[in-house]
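Enquirer: Given next are the chains, with one letter for each unit.
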Amino acid sequence: MATTKAAQAAYTQEQARKFYETMSTIRHFEESIKHDSLAGEIPGFVHLYIGEEAIATGVCAALRQDDMIESTHRGHGHCIAKGADVNRMMAEIFGKKTGMCQGRGGSMHIADFSIGMLGANGVVGGGYNLATGAALANMKVLKNDKVSVVFFGDGASNRGTFHEAMNVASAWHLPVIFVNEMNCWASTTPYRTTCNTENISDRAVGYHVPGMIVDGQDVFAVYDAAVEAVARARKGEGPTFIEAKTYRIEGHYVGDPEFYRQKEETQKIFHDTDPLKMFRLKAAKLKLMTAKDCDAIDEACVEKIKAAKKFAMESEYPDSSEYLKYVYVD
Amino acid sequence: MRKLTFSQATCEAMAETMAKDDSIFVMGEDLARQGGIFGQFKGLPEQFPGRILDTPISETFIIGGGVGAALAGARPVVDMHFADFIGVPMDEIFNQMAKARYMFGGQAKVPLVLRAPDGMTFQGAAQHSQCVEAWFPHIPGIKVVAPSNPYDAKMVLIAAIESDDPVLYFENKILYKEKGELPEIADQVPYTLGKARVEREGSDVTIVSYSIGMKNARGAADLLAKDGIKAEVIDLITLSPWDKETVLNSVKKTHRLCIVHEAVKQSGFGAEIAATVAEEAMEYMDAPILRYGAPFCPIPFAPTLEKMVRVYPEDLYKGIKGMF
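One line per chain: the protein sequences are A and B, in this order. Here the first sequence is numbered in numbering that gives the first Met the number 0, starting from 0 and rising by one per residue. Here the second sequence is numbered in numbering that gives the first Met the number 0, starting from 0 and rising by one per residue.
Possibly wrong hints are sitting among the right ones.
[To be verified] In silico DSS-like cross-links for lysine-lysine, where the CA-CA straight-line distance does not exceed 27 Å:
#, chain 1, residue 1, chain 2, residue 2
1, A, 17, A, 324
2, A, 139, B, 214
3, A, 324, B, 243
4, B, 19, A, 142
5, B, 264, B, 229
6, B, 41, A, 142
7, A, 324, B, 194
8, A, 309, A, 284
9, B, 317, B, 214
10, A, 139, B, 41
11, B, 229, B, 252
12, A, 95, A, 33
13, B, 251, B, 225
14, B, 317, B, 252
15, A, 284, A, 33
[Stated by the list, open to error] Coverage of chain B stretches by chain A, computed from C-beta distances (three or more under 8 Å per stretch; other residues unrestricted):
#, region
16, 49-56
17, 130-138
[Said to hold, decoys possible] Taking CB as the label site, the calculated pair distances span:
#, chain 1, residue 1, chain 2, residue 2, range
18, A, 321, B, 183, 42 to 48 Å
19, A, 230, B, 196, 40 to 46 Å
20, A, 44, B, 125, 57 to 63 Å
None of these hints come from the bench; they were simulated from the model. Here a beta-carbon is modelled for each residue, glycine too, at the ideal position from N, C-alpha and C.
Chain A with its partners taken away, still in its complex shape:
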């Protein structure tokens, strides 16, 4: 199993800008959600992707729009990185009818099928079989070259569904990429107390699936790994397991009192490994973007998210009389 470093390949300025713009959008979106959730304005549970932006960004940058992703309860980042409209995302999280799920899903079931985002899943480990089944359909039934990605955390890798999906994906050489966001926390439980392997990707060996460990805070490294995995999948050579090492900076959900860890520790990790900060350093080193370029993007993102919030606030809730709509197609 290879450890992939970011190749000093030629990234264009366009690519770099896109990386940073996506990550900054996610960051500002999540900060806004955090603020509004703590203020009691957002109903239900929200789970933030702060500190993990590079993974969704790097992976989705390697995908086509018609490739498919399966997300998690922590899905805002995946949704943005796949290309969703932040106005409609914000509206969905506030339960408005202009949301992409018409207010019927909320944060944990956010989805945009028009761009291959097959949904955040409120069931931990619910996405593996969906992504693998989609890969099966695309390859063997619909006979196209679309690729599927399933994002999942370390905790989710202990579910039986992980093992069933990995096994069949390997046995049938399906075009599905398993992207493990190794953020070290399964809600309140640290990874090593429930798992006897040093890395989740150690398990990939058992399924004869090529695996890689990447620095999940380095969007360039994630992107390179994803490009390799996508190429393998599209050629019909089967699945890849990418373990992206990261850290869950926020609590499991907004409002989590986090009795199970020290705030100083998480803040230090964030300070040292913030993916947006890491990007700035690398982009400067590779002479792709300056600090000013990044600042300008951040400012634009602030406005973009403000506009999204305004859109959500000005949108209406779905009509109560329509509660039965979409139970069935027929």
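With chain A fixed as given, assemble chain B onto it according to the hints.
Expert: Same frame as chain A, now just chain B:
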């Protein structure tokens, strides 16, 4: 008219639909090489090479992968092998399959059929003999069917496959070998999901059932007829959504209702029918509603015990006689 077994009729349904639509495929255990453990996929792997897949013993993948395939645009038919194993992919059924259309606000559809052979054979014992259909009409977003004869077996399966909603298709193991009449293909009448059939008209009591329970319903009706009691026999065919109107119209005429199913009586689907009739037609009833189902007991192995968990037409006959 042609004579086919229930099993052959399902094969015809598969062949007709798969010939017309390349996006239909089948996956499950022991289908491609064996033609299904009950022969219910016989001939199809040869007729449609590469479209009938033998999976690992991975029920969460068989069903969950089917849901994913449907979300990607295919039309899967996934096989449960024995309905008793349906506990394994329950999350895939009630949290994924049933909810995708609704919680994603209409963006998705899951045009999937889940085929599940159910019911007692002889000494199949506790984990290979169950009827579990009652669990599923409780779940909004899926449909549930349970045909009782070869013609319905075919037309209901076609309707299920052609529906854009997920459908659970319970097919009784004993019924597979039973022969029944089917019209020529050109004359076959499509089935509309949600519609029951009045199989036999009567004026004195309504007997409602589905799947193999219909044998008890018909048997009881025959016994009652000898005593001059004319039973109206209704085959529900679809359990969710079920045809309330047909049942209510019937009891308003007969004033007596008896429901029978092979599944356990307690919290069986008969309870839903009984409660609905009590709610909406109480004033028409001349006798308490009767339900017949298996006693509250896992299915035993020894024949002297197993016979105690079966329902017999004589049981219904005795009970219905007491209504008069």
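Enquirer: With reference to the structure, classify each hint as holding or not holding.
Expert: For each hint, the structure was consulted:
1. A:17 to A:324: 38 Å, violated
2. A:139 to B:214: The given pair, whose Cα atoms are some 41 Å apart, is violated under the 27 Å limit.
3. A:324 to B:243: Roughly 21 Å between the alpha carbons, so the hint for residue 324 of chain A and residue 243 of chain B holds.
4. B:19 to A:142: 17 Å, holds
5. B:264 to B:229: 25 Å, holds
6. B:41 to A:142: 25 Å, holds
7. A:324 to B:194: 21 Å, holds
8. A:309 to A:284: 37 Å, violated
9. B:317 to B:214: This hinted pair holds, its Cα atoms lying about 16 Å apart.
10. A:139 to B:41: 22 Å, holds
11. B:229 to B:252: 12 Å, holds
12. A:95 to A:33: 18 Å, holds
13. B:251 to B:225: Holds, at about 24 Å.
14. B:317 to B:252: 22 Å, holds
15. A:284 to A:33: 32 Å, violated
16. 49-56: Check passed, 5 qualifying residues.
17. 130-138: violated (count 0)
18. A:321 to B:183: 42 to 48 Å: 44 Å, holds
19. A:230 to B:196: 40 to 46 Å: For residue 230 of chain A and residue 196 of chain B the Cβ distance comes to about 56 Å; the hint is violated.
20. A:44 to B:125: 57 to 63 Å: 39 Å, violated
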